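**Student:** The hints should help you fit chain V onto chain G, whose structure is shown.
Below, each chain spelled out in residue letters.
There are 2 protein chains.
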Amino acid sequence: MSGTNQLRQSVVLKRRPKGEPRVEDFETVTERLPEPGAGEVVTRTLWLSIDPYMRGRLREEQTYAAAIQIGEVMTGESVGEVIASADPRFAVGDIVVGSRGWQTHSVTPGDRLVKIPHGVHPSTYLGVLGMPGATAYAGVTEIIKPKKGETIVVSAASGAVGSVAGQIAKRAGARVVGIAGGAEKCLWVQDNLGFDDCIDHRSIDLARELRTACPNGIDGYFENVGGAVQQAVFDQLNRHARVAMCGMVSQYNEAEFPPGPNLGFVVGKAVLIQGFIVSDRPERLPEWRKLATPWVADGSLVYREDIHDGLERAPEALAGILGGRNFGKLLIQVAYQKG
Amino acid sequence: MSGTNQLRQSVVLKRRPKGEPRVEDFETVTERLPEPGAGEVVTRTLWLSIDPYMRGRLREEQTYAAAIQIGEVMTGESVGEVIASADPRFAVGDIVVGSRGWQTHSVTPGDRLVKIPHGVHPSTYLGVLGMPGATAYAGVTEIIKPKKGETIVVSAASGAVGSVAGQIAKRAGARVVGIAGGAEKCLWVQDNLGFDDCIDHRSIDLARELRTACPNGIDGYFENVGGAVQQAVFDQLNRHARVAMCGMVSQYNEAEFPPGPNLGFVVGKAVLIQGFIVSDRPERLPEWRKLATPWVADGSLVYREDIHDGLERAPEALAGILGGRNFGKLLIQVAYQKG
Numbered sequence: 009m010s011g012t013n014q015l016r017q018s019v020v021l022k023r024r025p026k027g028e029p030r031v032e033d034f035e036t037v038t039e040r041l042p043e044p045g046a047g048e049v050v051t052r053t054l055w056l057s058i059d060p061y062m063r064g065r066l067r068e069e070q071t072y073a074a075a076i077q078i079g080e081v082m083t084g085e086s087v088g089e090v091i092a093s094a095d096p097r098f099a100v101g102d103i104v105v106g107s108r109g110w111q112t113h114s115v116t117p118g119d120r121l122v123k124i125p126h127g128v129h130p131s132t133y134l135g136v137l138g139m140p141g142a143t144a145y146a147g148v149t150e151i152i153k154p155k156k157g158e159t160i161v162v163s164a165a166s167g168a169v170g171s172v173a174g175q176i177a178k179r180a181g182a183r184v185v186g187i188a189g190g191a192e193k194c195l196w197v198q199d200n201l202g203f204d205d206c207i208d209h210r211s212i213d214l215a216r217e218l219r220t221a222c223p224n225g226i227d228g229y230f231e232n233v234g235g236a237v238q239q240a241v242f243d244q245l246n247r248h249a250r251v252a253m254c255g256m257v258s259q260y261n262e263a264e265f266p267p268g269p270n271l272g273f274v275v276g277k278a279v280l281i282q283g284f285i286v287s288d289r290p291e292r293l294p295e296w297r298k299l300a301t302p303w304v305a306d307g308s309l310v311y312r313e314d315i316h317d318g319l320e321r322a323p324e325a326l327a328g329i330l331g332g333r334n335f336g337k338l339l340i341q342v343a344y345q346k347g
Numbered sequence: 009m010s011g012t013n014q015l016r017q018s019v020v021l022k023r024r025p026k027g028e029p030r031v032e033d034f035e036t037v038t039e040r041l042p043e044p045g046a047g048e049v050v051t052r053t054l055w056l057s058i059d060p061y062m063r064g065r066l067r068e069e070q071t072y073a074a075a076i077q078i079g080e081v082m083t084g085e086s087v088g089e090v091i092a093s094a095d096p097r098f099a100v101g102d103i104v105v106g107s108r109g110w111q112t113h114s115v116t117p118g119d120r121l122v123k124i125p126h127g128v129h130p131s132t133y134l135g136v137l138g139m140p141g142a143t144a145y146a147g148v149t150e151i152i153k154p155k156k157g158e159t160i161v162v163s164a165a166s167g168a169v170g171s172v173a174g175q176i177a178k179r180a181g182a183r184v185v186g187i188a189g190g191a192e193k194c195l196w197v198q199d200n201l202g203f204d205d206c207i208d209h210r211s212i213d214l215a216r217e218l219r220t221a222c223p224n225g226i227d228g229y230f231e232n233v234g235g236a237v238q239q240a241v242f243d244q245l246n247r248h249a250r251v252a253m254c255g256m257v258s259q260y261n262e263a264e265f266p267p268g269p270n271l272g273f274v275v276g277k278a279v280l281i282q283g284f285i286v287s288d289r290p291e292r293l294p295e296w297r298k299l300a301t302p303w304v305a306d307g308s309l310v311y312r313e314d315i316h317d318g319l320e321r322a323p324e325a326l327a328g329i330l331g332g333r334n335f336g337k338l339l340i341q342v343a344y345q346k347g
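Same order as they appear, the protein sequences are chains G and V. Add 8 to the 1-based position in the first sequence for this note's numbering, that's all there is to it. Add 8 to the 1-based position in the second sequence for this note's numbering, that's all there is to it.
Just chain G, with the same shape it has in the complex:
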C-alpha cells in the first residue's frame, strides 16, 4: 500500500444553480487522499464524463436518484488508473471505469469498478461503449424495436446517446432522421453517422422540414430534448408509434416545467410512450459492450468526442451540454495516462 500520500481535488456543490449552472455554483476543495480500506481501490482520474442527467441531481427534489447536497462531491462516471489497491482483482496500472465523482483521485470499493480491457480506448467506456451507448441500445431495442423500412427520428442526434441510437436503428434497416442544433452537427450526422437525413431544430419551420424528411410519418422516436421538438415529432407519429423517453434536456435548467402535449393522440393512434433509465437494466451495459466493441474497432460504429482539459472545466462543460454547445460525447481530460 503506497503512493497515496498525496492531495486530491474534488468539485463540490456550493449552491443550487438557478437556470443554467454557473462556475460560481461549484467550488474545488483540496484534501489529503485517504488510505484505502479493505477491498478499496485508489485511482487517479483520467477522464470524467459530463452528462445532461447531472442537472437533475442539482435540484432540491429527488428524481430517480438522490439529490446532491450542498458541500457534497458531484457524482459522475469516470475512468481512472489504479495507483494503489486493497482488492486483489485490481493491480497498479489497471485502467478502470466507475462512478467516481468529479475528483482527481478516488477511493472506491473494487466491487463498483470495471476493468477496461487492453486494446480499447479508455474514454469509449464513458461514451459509445459506456452508459450513453447502453442507453441508446436499451431504448432502441427494448422500446422502439425498429422494423425494416420504418422511419425513426432521433433528437440530439449528434450527442453521445442520439448518435448511437440512430446508428442502431440504421443497422435494423430503418430510415433514420436526426434532429440536431446547427448545420455543422446536421452535416456530420448525415455524412459521418450515415443517417438518412438530419434537421436543424433551429429551422424556421421544423414541422415542415420534418414532414419533408419523413414522408411516410414517424414510427419511432428517441426523445432526448422535449419542448417544441417533441411537439413537432408527436404531431407526425403514425399509428402504433413507439417513443423511447430518454431525456428532455431543453427543460433541465427550468424552475417550472411548461405544459406538454395533449395526449389524445396516444389513445387515437395507440402510441407507446415509455420512459426508461439504463441503470434499471444493469445487464444491458456489459451486453452492449460485448456487442459493440467490434463495431467500434472496425470503425462501423462512429463516435465523436468533445474533450475539455482539466477538472476545473467541468462546471462550464455541464452548462455547455445543457445549452447544446457540445459536439459529440463530452469529456473532461483530468490527467494523462502514463507510458
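These aren't lab readings, by the way, just hints derived from the structure by calculation. Just so we're clear, the structure is a prediction, and the values are computed from it rather than from any experiment. All C-beta atoms, glycine included, are put in the ideal place defined by N, C-alpha and C. You can trust all of the hints, since none of them are fake.
Okay, the calculated bits of chain V under chain G, using three or more residues with CB under 8 Å as the criterion: (1) 252-259; (2) 271-280; (3) 284-296.
**Tutor:** Showing chain V alone in chain G's frame:
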C-alpha cells in the same frame, strides 16, 4: 326468404356537431328494408350500444377509423334478432351481436355477426361481455399488469369500461381506487363493485383526496377521461407506473384540445404510457367472453345498465355519455325480444 317486406328507420348524421352533440345534428330516415343478398342476414335491432368513441367519428378528420359522412348512418354495435337469413349459420329467431349501426333493422353479412348463446342476457354482449369489457380486460392485463398490493386508479369508474377494469384489478389483488362523477356513483363503485375507495372528480381538492386514498402512490392508471383528473393522477404516479390510455372523454366535445402534462416525469420515473384500441386485438373479445361469462353468471362480476327506450333517444344519449350523465353501461332498447 321472407319477413323483410317492411320499413326500417336509421339515424343519419345531418351536420357535424359543434361541442356537445344535439338532437338537431341527426335525422331519422325511413326506407324499405332491402332483401338480403347471398350470405347476408336480416335482423331486427333489440339493443343499441352508445359509447364515447362515437364522438370521434363525428369529427371531420379521421382518427383510427374513418369519419362518418353527412347523410351516412351512425355506426355502432348492437344486438338483433334474426328475421331472415341467407347464411346457413343463422336461423330466424337467433340473437346476434355486431356492428349494425343506429337503425331498427340491418342487413349484414353473416361473417360480421356473432351468435349470442342461450342463457346469456343479450345486452351484456354490448357491455360487460362486449367491447367495453374486452377493452378493460386488454388494458388491465396487457398494460397495467397489476401486482398484489399495488395501487391502481381507474377513472370513469362507474362506466362500462372502468367498472370492469377495476374489478379485474381487484381480482389481481391490487388496491383499487375509482374516480367518478358525484356521490351516488362513488358509493355504488365502493359498495357494489368492491373498489377500495372512490373519489368524486368534482371535489374541491382532487389531488388531496387522491393522496389520502393512495397513501403509497399510484402504480397503475386506467385512463378514460383526461383533463384535470389526468394531471392529478400523473402527479402521484410511482416509479415504473403503467398508464393504459383508453380514452379522454372530457375533451371529446372540444374543437381544440388543451395542452397536456409536461412529460418530464415519464423519463424520471420510467413511466409507461400506452394507448390501445381493442379492435387491434380481435382475439381478446372471445377470450374475455369465455373468461367472464361464468363471473357474470355467478354475480361476482358486477355491472349496471343505463337503458333508454327507443332509437330516437340515441342522439341525446350520446350527448349524455359525453357529459357523464349516464350511470353504467348506456344502452338504447330499440325493440323488445319476442316470446
